[in-house]
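**Q** Add chain B to chain A, keeping to what the hints say.
Taken in sequence, the protein lines are chains A and B.
At the far end of the first sequence sits residue 230, using the UniProt record's numbering, and the numbering has no gaps.
At the far end of the second sequence sits residue 230, using the UniProt record's numbering, and the numbering has no gaps.
Any given hint might turn out to be false.
[What the hints assert, rightly or not] Looking from chain B toward chain A, a few residues come up when the C-beta cut is under 7 Å (computed):
1. G32
2. L33
3. D88
4. G91
5. A94
6. R97
7. F98
8. S101
9. M117
10. P163
11. D166
12. A172
[Said to hold, decoys possible] Dumping the calculated EDC-like pairs for lysine to aspartate or glutamate here, alpha-carbon to alpha-carbon at most 20 Å:
13. B/K104 <-> A/D159
14. B/K90 <-> A/D77
15. B/K160 <-> A/D159
16. B/K104 <-> A/E136
17. B/K90 <-> A/E82
Since the hints were made in silico from the structure, they are not lab data.
Note that the Cβ used here is the ideal one computed from N, Cα and C, for glycine as well.
Number of protein chains: 2
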Amino acid sequence: MTRKLYSLCGEDGIRHYSPHVWKIIMALEHKGLEYSLTPVSFEDISEIEDGSYSSVPVLRDGETVLGESYDIARYLDETYPEAPALFDGKGAMALTRFVESYCKTVLHPSLATIAVMDMHNLMSPDDQVYFRTARERRFGMSLEEMAKGADRERAALPDKLAPIRDLLTHQAWVSGATPAYADYTLFGTLQWCNVCSPNTLFTKDDTVSSWFDRCLDLYDGVGRNPARSS
Amino acid sequence: MTRKLYSLCGEDGIRHYSPHVWKIIMALEHKGLEYSLTPVSFEDISEIEDGSYSSVPVLRDGETVLGESYDIARYLDETYPEAPALFDGKGAMALTRFVESYCKTVLHPSLATIAVMDMHNLMSPDDQVYFRTARERRFGMSLEEMAKGADRERAALPDKLAPIRDLLTHQAWVSGATPAYADYTLFGTLQWCNVCSPNTLFTKDDTVSSWFDRCLDLYDGVGRNPARSS
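Only chain A is shown next, with the shape it has when bound in the complex (with noise of 0.2 Å):
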């Protein structure tokens, strides 16, 4: 197998909890791609490869090495034309941007707040110093101190999800009537808090987790077994 990607992991080796990995897990699996998942810790990440990367994913195609989950995205839409796009076209390339531009800027804030504590849990000693460290100095706060905002961002998240809501009234994936790399965009945002703290992103009978529930049932449950140890 040439075909290896990097992705962050727990203490365990095999549970499999960044978003951006996921973003590519799917990518793959849409293509068809072979690969190998090679687990990191958050410490073994400035050791990939030639040392030059601060985070995952990370792939490695043959004797090609790069990161950025979009860029990895575009890549493989370019090196294997062949296999189902995950861009129908050059404009749905700048509007996935759009997406994750979303995923990015509203989602991302309340889903850190809501994991924080499972997705610490779940690390090794070491991460678990890396990621206090790291995140009480953005934040400003400590971790719990930061786990208290969990129930108002779940609360808040139904509401920052209308947009995803209402464009699931027109069609039945984010990308149209076949899901695409802006589902997976999504997708793999979600399903990071997923993985960490399993069944509390939605309530029940949501628009937005019937299509989640898809998601995860893509590519033989591929989403639906984050524990895997290749």
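**A** Chain B in isolation, oriented as in the chain A frame:
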């Protein structure tokens, strides 16, 4: 001229302020298609063409008459494929819907509050009665009560525009390297408030404000002249 766009106007019969009409004004300009604007009041809408419409825009194009801005944009691309495309591919058609859903669920409620009294004040007396009755029923409060939320909504707007601001760090236009219908969808939404309550939308030096200015410059500055008689 066989191409006629019905457009909601103020009492002066020349101030065009409907967000959805603005989307189609920009779409027609983008495609280089000639058109005339037919001003209508709220009262007039039920008498447009065969009387089956309850909102604007309505476009008559030769023998074809249709409503709903997104459907009109799709129609224009299908009917005039040789003119510049409003959607760069099928994927862009689907993802432009997400921009529309974001405008509808995130921005509209804020803008409706910010502009409510100015919008009311530019209408004819009959439209003022219609508008007041409809809005007060929908929101369960007087227009004046609603307007008290304007400062709060204006303060919330920069945060609500965060996904657009983030997107514009990657590309010059919402649609990518050049403007297209996703831009006009957002532009129309903001132009509504800009026409009703000029110079209140943005704080200075905002990335989104500079994008909006570039939209106003397009097509001989059509957006800078919201008061026009044809």
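**Q** Next step is simple, just say for each hint if it's right about the structure.
**A** Hints, verified against the model:
1. Violation of the interface hint for B/G32 is found here, the shortest Cβ-Cβ separation to chain A being roughly 19 Å, above the 7 Å cut-off.
2. A least Cβ separation of about 20 Å between B/L33 and chain A goes past the 7 Å threshold, and the interface hint is therefore violated.
3. The interface hint given for B/D88 holds, since its Cβ lies 3 Å from the closest Cβ of chain A, which is under the 7 Å cut-off.
4. Given the 7 Å rule on beta carbons, the hint for B/G91 holds: about 3 Å separates it from the nearest Cβ of chain A.
5. The interface hint given for B/A94 holds, since its Cβ lies 3 Å from the closest Cβ of chain A, which is under the 7 Å cut-off.
6. At its closest, the beta carbon of B/R97 sits 5 Å from a beta carbon of chain A; the interface hint therefore holds under the 7 Å criterion.
7. The closest approach between the C-beta of B/F98 and any C-beta of chain A is roughly 5 Å, which is under the 7 Å cut-off, so the hint is satisfied.
8. Annotation: interface hint on B/S101 holds; nearest CB of chain A at approximately 4 Å, less than 7 Å.
9. Checking B/M117 against chain A by beta carbon gives a least distance of about 26 Å; that is not within 7 Å, so the hint is violated.
10. Proximity of B/P163 to chain A holds as hinted, the smallest CB-CB distance being about 4 Å (cut-off 7 Å).
11. Taking 7 Å as the C-beta contact cut-off toward chain A, the hint placing B/D166 at the interface holds, the least distance being around 4 Å.
12. A distance limit of 7 Å between C-beta atoms decides the matter here; for B/A172 the minimum to chain A is near 10 Å, and the interface restraint is violated.
13. Among the hinted pairs, B/K104 with A/D159 is consistent with the structure: their alpha-carbon atoms are about 13 Å apart, no more than 20 Å.
14. A threshold of 20 Å between alpha carbons decides the hint, and for B/K90 with A/D77 the separation of about 16 Å falls inside it, so the pair holds.
15. Distance check on the hinted pair: B/K160 and A/D159 sit about 12 Å apart at the alpha-carbon level, within 20 Å; holds.
16. With a C-alpha separation of about 36 Å, the suggested pairing of B/K104 with A/E136 is violated against the 20 Å cut-off.
17. Taking the CA atoms of B/K90 and A/E82, the gap is about 18 Å. The hint holds against a cut of 20 Å.
Violated hints, in rising order: 1, 2, 9, 12 and 16; the structure is consistent with all others.
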